[in-house]
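Engineer: Given next are the chains, with one letter for each unit.
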Amino acid sequence: DAGVTQSPTHLIKTRGQQVTLRCSPKSGHDTVSWYQQALGQGPQFIFQYYEEEERQRGNFPDRFSGHQFPNYSSELNVNALLLGDSALYLCASSPWRGHYEQYFGPGTRLTVT
Amino acid sequence: DQQVKQNSPSLSVQEGRISILNCDYTNSMFDYFLWYKKYPAEGPTFLISISSIKDKNEDGRFTVFLNKSAKHLSLHIVPSQPGDSAVYFCAASLTGNQFYFGTGTSLTVIP
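Those protein sequences? They're chains A and B, same order as listed.
Read in my numbering, the first sequence has 79 at position 79, and its numbers run on one by one without any break.
Read in my numbering, the second sequence has 1029 at position 29, and its numbers run on one by one without any break.
These aren't lab readings, by the way, just hints derived from the structure by calculation.
Where is the CB? At the ideal position from N, CA and C, for every residue including glycine.
If a hint is listed, it holds; no wrong ones were tucked in.
Taking CB as the label site, the calculated pair distances span:
hint, chain 1, residue 1, chain 2, residue 2, range
1, A, N71, B, S1012, 39 to 49 angstroms
2, B, T1095, A, T5, 26 to 36 angstroms
3, A, S7, B, N1027, 31 to 41 angstroms
4, A, G98, B, S1008, 25 to 35 angstroms
5, A, F69, B, E1042, 23 to 33 angstroms
6, A, G3, B, S1106, 18 to 28 angstroms
7, B, E1042, A, T113, 20 to 30 angstroms
8, A, D62, B, S1012, 35 to 45 angstroms
Construct all of the structure, not just a fragment, from the sequences and the given hints.
Structural biologist: This is how it looks when you write it as structure tokens:
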């Protein structure tokens, strides 16, 4: 049983560019959450998707957007990249919305130069 | 505003002794608390959790204590093993739909 998978593993982008990160949830899970983890910090909640809609959002600007597909996989898009967007982006899935235990993927390391 | 805080960035413990990791929170509406363990180049892995209606939960060598009046929780690992060396994050949830993480404590268990 595959766990949460994320792609790509690493990514280098230039300031002002746009990036798309991808996540496939654990089998049987329908809820996906995205987190940003800056160096030396804990994961910060970006947003959560359920039934192809954004259900909860943390304190992140509109440059951060997402999508969930019918197969429950998800994308995180970041526009107009800033140097401060450099971080590890983690995807987590859970079996249903409101379930407390989340399963995390290995993350995508984004570097903005 | 950091709603969940882990004030000790690092902790070193001898193998076989007890490890105690601490976490403080500010929002009394949190209804569930979790501990995650993270190895380098991996995502956090769920370790143990506790509902806000309980004050203790045990799972093998791991015990989590919750003191709601003090808005404090702790994770006890006994006996500590070298394989427990990792970064530990505490997290708090509002209805399971939004989670707040602390900054992590790096635990080193010395053989």
